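Novice: Now for the letters of each chain:
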Amino acid sequence: MSDLTPTTLRNNVPLSPDEVLEIALESVLEFLPCQRDRNAFSLVNKSWNRIEAETRFEVVIGNCYSISPQRVVNRFKAIKSVVLKGKPRFADFSLLPPDWGARFSPWVVVLSGAYRGLEKLCLKRMYVSNDDLVVVANTFVGFKEIRLVCCEGFGTSGLAVLAGKCRQLRVLELIEDEVADDEEDWISFFPGGATCLESLMFDCVECPLNFNALEKLVARSPSLKKLRVNRYVSLGQLRHLMIIAPQLTHLGTGSYGPLEDLEDPLPANELRDHVSSAFAASKSLVCLSGFREIVPYFLPAVYPVCANLTSLNLSYANILVEEFKQVISHCHKLQILWVLDLISDGGLVAVAATCKDLQELRVFPMDTIEDNAGPVSDVGLHAIAEGCKKLQSILFFCQQMTNAAVISMSINCPDLIVFRLCIIGRYRPDHSTGEPMDEGFGAIVKNCKKLTRLAVSGLLTDRAFSYIGQYGKLLRTLSVAFAGDSDMGLTYVLEGCPKLEKLEIRDSPFGDIALRSGMHQYHNMRFLWMSTCKVTRQGCREIARQIPGVIVEIFNWNQVGEEGENSDLVDTLYMYRSLEGPRADAPRFVNIL
Amino acid sequence: MESVITHEEGLNLKETELRLGLPGSDESSEKESISISSSRNKRAVPDSVEDRESVSDTKHATAPPAKAQVVGWPPIRSYRKNCFQPKKVETETGSYVKVSMDGAPYLRKVDLKVYKCYPELLEALENMFKLTIGEYSEREGYKGSEYAPTYEDKDGDWMLVGDVPWEMFMSTCKRLRIMKGSEARGLGHGA
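As they're listed, the protein sequences go chains X and A. So for the first sequence, UniProt numbering puts the first residue at 1; every next one is plus one. So for the second sequence, UniProt numbering puts the first residue at 1; every next one is plus one.
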C-alpha cells in the first residue's frame, strides 16, 4: 500500500500501534526541552518514562546529593549536557564550614565512563579540582562548553589542560570562582590556528596573564562574541582587543584604567579618544561589565555604545554620582543594571528617568557596616518603582527603608518575579513610621502575582509571615534573616506556600514546633536551611525518623563539646530530599540523623 | 571592634569623622554600651533610642546600629567585599599609599615614611599635582582653594587629612584622595 507514510514503516515492516505511539511521543518530546515538563511527562507510565529517558539530552541536578551519579547514568543514556549544583547558597556567606562536600570528583568518574559524547558542563558551588578538569579534557572528545559558577578547588593549571585539549571548545565561562594561581600561562595553551571560541570569560581569575597570547587568541577566534577579561588587562590593552574583535556582543573591560607597572605610551586624552573610537566601532555590543579598577577620567569613552546597551554592570566601579548620571543618561535601552550604592538616591532617580525598559536591578553596598543612613534608601526605591514599571527582578541593599516605598513598588511593578530587599541594619523598622516592615512585604506578596523569589529583612513580626503564607502561592525561594517572633512565623510559610522549594533561614526564633508543621512539605522541597534558630537535636531527629527520602544534616561547629542547657540546640540544620541514603563523604562536624 | 580602641586612647575620633549620614544622625551609636550581639537569638539592646526612631507599640527594642561583626552579614560574597579593600604596600623602607585626584587620569604613589609632618606631605602633594591645597584649620578644614586632601583609614572611612596626630595618620592611612569642587567645599563645614 503505497500511501503508507514513512513513520509507520521500519525496514519495510509495519509498526505496531505502540511503536507508532512511541515515535509520535518522541516527536512531541522534541518540543519539551524544559526539564519540569519532561519530569511530568515521564511520570505518566513506564513506557512514557522510558521514551523520555531515551530522548533527554540535558539533565539538571539541583542538589548533587539528591541523586547518585550512578543512578543518573543508569536512567539516562544519551546525555550531552549536565548542570550540577552543590553547596547551599548560604555557603557564599561563610555559613558553611569548609570541606563540607560537594566535590565534583565522584561525578566526573561516573560521567566519563557513561557519556563519552558529553558536550556541555555547568557546575555551580562545587569543589572542582585540577584533576577533575584533566579528566574532562581527556575524556570528552567533542567537549564544547564549560561554565563554572561560584566554584573553587582548581587553578590555572587545570585551565591550561582544558584550553590545550578541548579542540571543539566554544564556551569557557568562569563566573565568580576562586581560581588558584598555579603560575601556568593557560592562555598560551590554546592551540594555534582558528578556534571555535564564542565565549571566553575569566574576569574572576586573579592572576596576571600573558597579554600577547590573549591578543593572538582573540585574533584567531572569528566566532568570539563574548569576552570578559580580568583586571590584569589595562585600558590600553583592552582597546587593542576591541579593535581586533569589533564583533563582540558582551565585553568585560578588566581594570578600565592604566596598570601600575605598565607604561602606556599614549597621553591620557589620546587614550580616551582611542578607546572611544573603539567603542564606537563595536556596533554589536549590548552587554558591558568589568571596570574593576576604574579611573573615572576614562568613563566617558563608553558613551558611544550606551544607546545600544541592554546590560550594564558597574558594580565594581568606584565613581562619583555625577559621573554615573552622565553614563546612565545615554542608556535608554537598558534592561539589566548592576551598580554600587554610591550612585545614591540621585543616581537611582536618574535610572528611573531614563531606563524605562529596565527588568533587573541590583544595588550593592560599598560599605557593609550597619549604619543609620546610607547613600540609597526608600527615596531611590520609590523613584525606581515609579519609573521602571517593567521591573521583574530587584536586589537592593540599603541602610533604611519605609513600607510606603515597598508598597509603591508592589503596585507599580506588577511583573516582579524576584524581590530581594536587604536592609543592612538588622531589625530596622520603617524609618519614618517606626513600624515593622510587615506591611511592605505583605504588599509585595499580595500584589505581585508572579512572584517566585523573595528575600526579607528589617524588623519583621509573625504578621509578615502570615502574609507570605496567605499570598505567596507561587513562591519557590524564600530567604529569611533576623526576623519573626515565634514558631508561628515559620508555620505560616510552611503551611501556606505549596510551591516552596528552597527555604533558607538564619538567626530567627523558629523551633521544633515550626519544624514539625512542615512535615507534609519537606519531600516537595529541594532543601531547608536553618542556622542559629531554635531547633533542637531532638526535633531534627523526629523529622529524620518520620520522613523517608529526606536527609537531615546538622552541624554544631561552634559548640563542639559545650555542655549546658542550650547544648541541645542545633547550630545549623540542612535538610534536603534525596533518593540516596546518607552520603559517605560527610566530614566530622556533620551529623546525619 | 575599632570603636573599642578609640576609647582606650581617649581620643573620641568619631567626633571628627567624616560620614555620609545627615548631620545629627548617628549620635546614638557613640554610646559605648554597644552589646556585641551574640549570634544566639539575642538582639542588641539599645541604651537610648533617638526620638525619631522610637517604636510605640511593639515589644521589640529598636537596635541602634551595632558595629559588631556578624558572620555572613550582610549577605555579600567575600569576593565582592574584598574588591574594595585598598592595598597598602609596606616595604622595609617605605610605606607607599596610592594618591588619586579627582579629574586626573593617573594615580600616583607616595611614601609616607619620607615625610615627618603634615606640611611636608601637603607640599609634596601640591608639587605632584601642580595645585594649591590651602590652609588647614580644625574648625573649617581647608580654606583658600577648591581642593581638600582626604584619606581612607583602616575602617574604610574617609577622613580629612590633618585631623589626627601625624603618627596615627601614618599608621591608619590606606590611601589618599584629593577632592575637588563642591564635595571638597562641603568638608570644611563640620559635616
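No lab work stands behind these hints: they were computed from the structure. Take the hints with a grain of salt, since some may be wrong.
To give an idea of the chain A side of the interface with chain X (calculated C-beta under 7 Å), a few residues [to be verified]: (1) Val-71; (2) Pro-74; (3) Pro-105; (4) Gly-144.
Taking lysine-lysine and the BS3-like style, the derived pairs with C-alpha atoms no more than 30 Å apart in a straight line are [as the list claims (entries may be wrong)]: (5) X:Lys-124 with X:Lys-502; (6) A:Lys-116 with X:Lys-325; (7) A:Lys-81 with X:Lys-325.
Here the structure is a predicted model, which means the values were calculated and not measured. Virtual Cβ for every residue (Gly too), placed ideally from N, Cα, C.
Novice: Which numbered hints turn out to be false for this structure?
Specialist: 4 and 6
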